[in-house]
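K.L.:
Here is what each chain is made of, one letter per residue.
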Amino acid sequence: MSKPSLIRYAILLALIALWFLVTAMEWVKPIQLPPPAGLWAAWQADGSRFLDAFALTAAEIAVAILIAWPLGIGIGAVFGSLRAVSEAASAILGSLFAVPAIILYPLFIAWVGMGPESKVLFGVIAGFFPIALNTLSGVRQVDQSYVTMARAMGASRLQVFYRVVLRLALPSVISGLRIGTALIMISVVVSEMLASFGGLGYMIAYHRTMFDTGHVYLGILMALLTVLTVNWLLSMLELHFSKWQERGAEL
Amino acid sequence: MSSEVIRVENLSKMYSTREGDFHALDKLSFAIEEGGFVSIVGPSGCGKSTLLQLLTGLLEPTSGQVLIDGIEVRKPLPEKTGVMFQDATLLPWLTAEENVAFPLSLCGKDKKESQLRARDLLKLVGLGDFINHRPAELSGGMRQRVAIARGLVRDPRILLMDEPFAALDEQTRFKMGEELLWIWQETRKTILFITHGLTEAIYLSDTVLVMGTKPGRIIEVIPVDLPRPRTFEMIGSEFFGKARNRIWTLIQEETEA
Numbered sequence: 001m002s003k004p005s006l007i008r009y010a011i012l013l014a015l016i017a018l019w020f021l022v023t024a025m026e027w028v029k030p031i032q033l034p035p036p037a038g039l040w041a042a043w044q045a046d047g048s049r050f051l052d053a054f055a056l057t058a059a060e061i062a063v064a065i066l067i068a069w070p071l072g073i074g075i076g077a078v079f080g081s082l083r084a085v086s087e088a089a090s091a092i093l094g095s096l097f098a099v100p101a102i103i104l105y106p107l108f109i110a111w112v113g114m115g116p117e118s119k120v121l122f123g124v125i126a127g128f129f130p131i132a133l134n135t136l137s138g139v140r141q142v143d144q145s146y147v148t149m150a151r152a153m154g155a156s157r158l159q160v161f162y163r164v165v166l167r168l169a170l171p172s173v174i175s176g177l178r179i180g181t182a183l184i185m186i187s188v189v190v191s192e193m194l195a196s197f198g199g200l201g202y203m204i205a206y207h208r209t210m211f212d213t214g215h216v217y218l219g220i221l222m223a224l225l226t227v228l229t230v231n232w233l234l235s236m237l238e239l240h241f242s243k244w245q246e247r248g249a250e251l
Numbered sequence: 001m002s003s004e005v006i007r008v009e010n011l012s013k014m015y016s017t018r019e020g021d022f023h024a025l026d027k028l029s030f031a032i033e034e035g036g037f038v039s040i041v042g043p044s045g046c047g048k049s050t051l052l053q054l055l056t057g058l059l060e061p062t063s064g065q066v067l068i069d070g071i072e073v074r075k076p077l078p079e080k081t082g083v084m085f086q087d088a089t090l091l092p093w094l095t096a097e098e099n100v101a102f103p104l105s106l107c108g109k110d111k112k113e114s115q116l117r118a119r120d121l122l123k124l125v126g127l128g129d130f131i132n133h134r135p136a137e138l139s140g141g142m143r144q145r146v147a148i149a150r151g152l153v154r155d156p157r158i159l160l161m162d163e164p165f166a167a168l169d170e171q172t173r174f175k176m177g178e179e180l181l182w183i184w185q186e187t188r189k190t191i192l193f194i195t196h197g198l199t200e201a202i203y204l205s206d207t208v209l210v211m212g213t214k215p216g217r218i219i220e221v222i223p224v225d226l227p228r229p230r231t232f233e234m235i236g237s238e239f240f241g242k243a244r245n246r247i248w249t250l251i252q253e254e255t256e257a
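Chains as they are written, first to last, in the working numbering: chain U, 1 to 251; chain F, 1 to 257.
Just chain F, with the same shape it has in the complex:
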């Protein structure tokens, strides 16, 4: 398939520790098509964050490879992948606009142009009135919106998100999910979303990848055959409940094993 933007092949990562080798990830393989929304769920310590670091190019795999647009990832490719973490990590001395433009300033883009681009993106995430606010003046949800805008600023085809809404309260979290779906539909990005929230994963995604632990691997691929746009009522549907139970059972089995 030519529309695959992310391809992970036999990806393994080992860490050497004093107690011997630790297998963080074992022969992971999966692919994500352009414009897809894929979530990864799994028990704590299953190597979700290691996977994300490998996809970002912040870590080197022990074996196997990650291909983005057919190119092997060996270092961060900010023009292809935007990243977002649980912590917004906005630079406290910069305004929202300057934070969004920061990745552009790293590669020496024209300042005026960067400013306009940052403003457009802040409008997209609903912060058009807050361009000159510093992070300390923004709420947790607003900071994550700025981080989304920053992730989009170099117009990457892919957004990698590592539990981006985990630190937010439930209501804000749900609203952010809605917002993200809207942004996704507007921009047609490919999104890989790592989360602890089963409901969140099913609600947002086309596909949920369930990971097992020790070693970290993919144990099941669950397609979410729910129509778009998603609505709050779908969470109560039979399909939704079954999918959530299935994932829960899988994770329980993994943690008990």
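The shape of chain U in the complex, shown without the other chains:
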């Protein structure tokens, strides 16, 4: 195990120990921070409901990702390669991105109801813009000499796009995916908290009103684990594509 990851685990262990300590000594009220046993009790009482909630939230996030990623990359790539309109498109997308999507959430509920559809829609809207914007600017910044070279080598327009331009824009696309996916996860959980019948956000909001702090923390913990897992998967993706970017030994 490497030294930095050792330190990370040590910090985690220390925090858990601190949690045991402050709750056992009753330095904080159980309603603010429950003892670890409180979470355990919540898990034993309602574990299966939490697992169902987790499954729903994970599914909403997954569906939103499956829609927002291709949509954002596709639209960003198309407008990025249309030189005549890319600047205007970038400005429009940029200002739409600046609109807080949450103000539209009541409309989404009116359109598609309080079920998972409105969560997915909200997540897609939130995640789409940064993905499209980053893809657009990445595609636009591709050095045209690569395009010239590829065409001289006999690449069709589609080949130039898929095999050269999109690949060169990839670092930018991936950073868009990171921001977009984070926003999707936030939006799904937040919208569950606002108005819904299920999901981790719903569980957290519902039990907060009941003052079941153990349940609230269990929900938070599960939401955190979900986010961490998705982020880890994204890092793997990034690592896979960024190997060639690392500069080798100078010769």
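These aren't lab readings, by the way, just hints derived from the structure by calculation. Check before you lean on any hint, since a few could be wrong.
[Said to hold, decoys possible] Some, not all, of what chain F presents toward chain U, calculated at C-beta under 10 Å:
no.	residue
1	77
2	89
3	147
4	153
5	241
The beta carbon of each residue, even a glycine, is placed where N, CA and C say it ideally should be.
Since chain U is already given, all that's left is putting chain F on it; use the hints.
P.N.:
Showing chain F alone in chain U's frame:
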């Protein structure tokens, strides 16, 4: 002559700009015979790169035509012409071998075969030990060697080179020139070489075409009657000096006019 591989006839290219029409090239005509090494020199902005794009089929002429092997060029013909630019433009995520094989993968050639072909060419350009290196791990000169190998991978009869060594330092540049002459002799390609370097142009070529500017046209054809193989000492010869002075004078007159 049946051995002409490149024939340029009355080639003109105009660009429309806000200030009116801009004549980039005006009625260029020349021919290059099979196996020839021809350089084009001229002042900045004389349309050298436009000419190369027309020869490659990346641009359409306003009038006149380019014939390669007797066929009019209307789009890139990678099976007939290999191209190389100042920038090696190697794809950074591919190894040297994969970069060389890239043009073959575009037309769906068998992967195993392409690999073998790419390896042979990398050996030819002296990079046999670097087949699995990525561009970031190669020096500028090595990257240009990979680009030469890539230009040769579809076994074209012609290599079009647009200031390929301009970004290299003088020593590397000279070595690359030597290397190119050797490759040229090994493969018997026809080479059209665009450059800013007068010495380089004379040293490498059979013929130097001098271009004038505004509009871009050919103002003089200078045959280089020096024996092959060329040696470093020839650069100091009387003939070499005279040819270089002549080209320099022509370019000076063009830029002053």
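K.L.:
If a hint holds in the structure, say so; if it does not, say that too.
P.N.:
Here is how each hint holds up against the structure:
Of the supplied interface hints, the one on residue 77(F) holds, with its beta-carbon coming within about 8 Å of a beta-carbon of chain U, less than 10 Å. This hint holds: residue 89(F) has a C-beta 4 Å from the nearest C-beta of chain U, less than the 10 Å allowed. For residue 147(F), the interface hint holds, since its Cβ comes within 10 Å of a Cβ in chain U; the closest pair sits about 9 Å apart. The beta carbon of residue 153(F) is positioned within 10 Å of a beta carbon in chain U (closest approach about 9 Å), and the interface hint is therefore held.
Violation of the interface hint for residue 241(F) is found here, the shortest Cβ-Cβ separation to chain U being roughly 36 Å, above the 10 Å cut-off.
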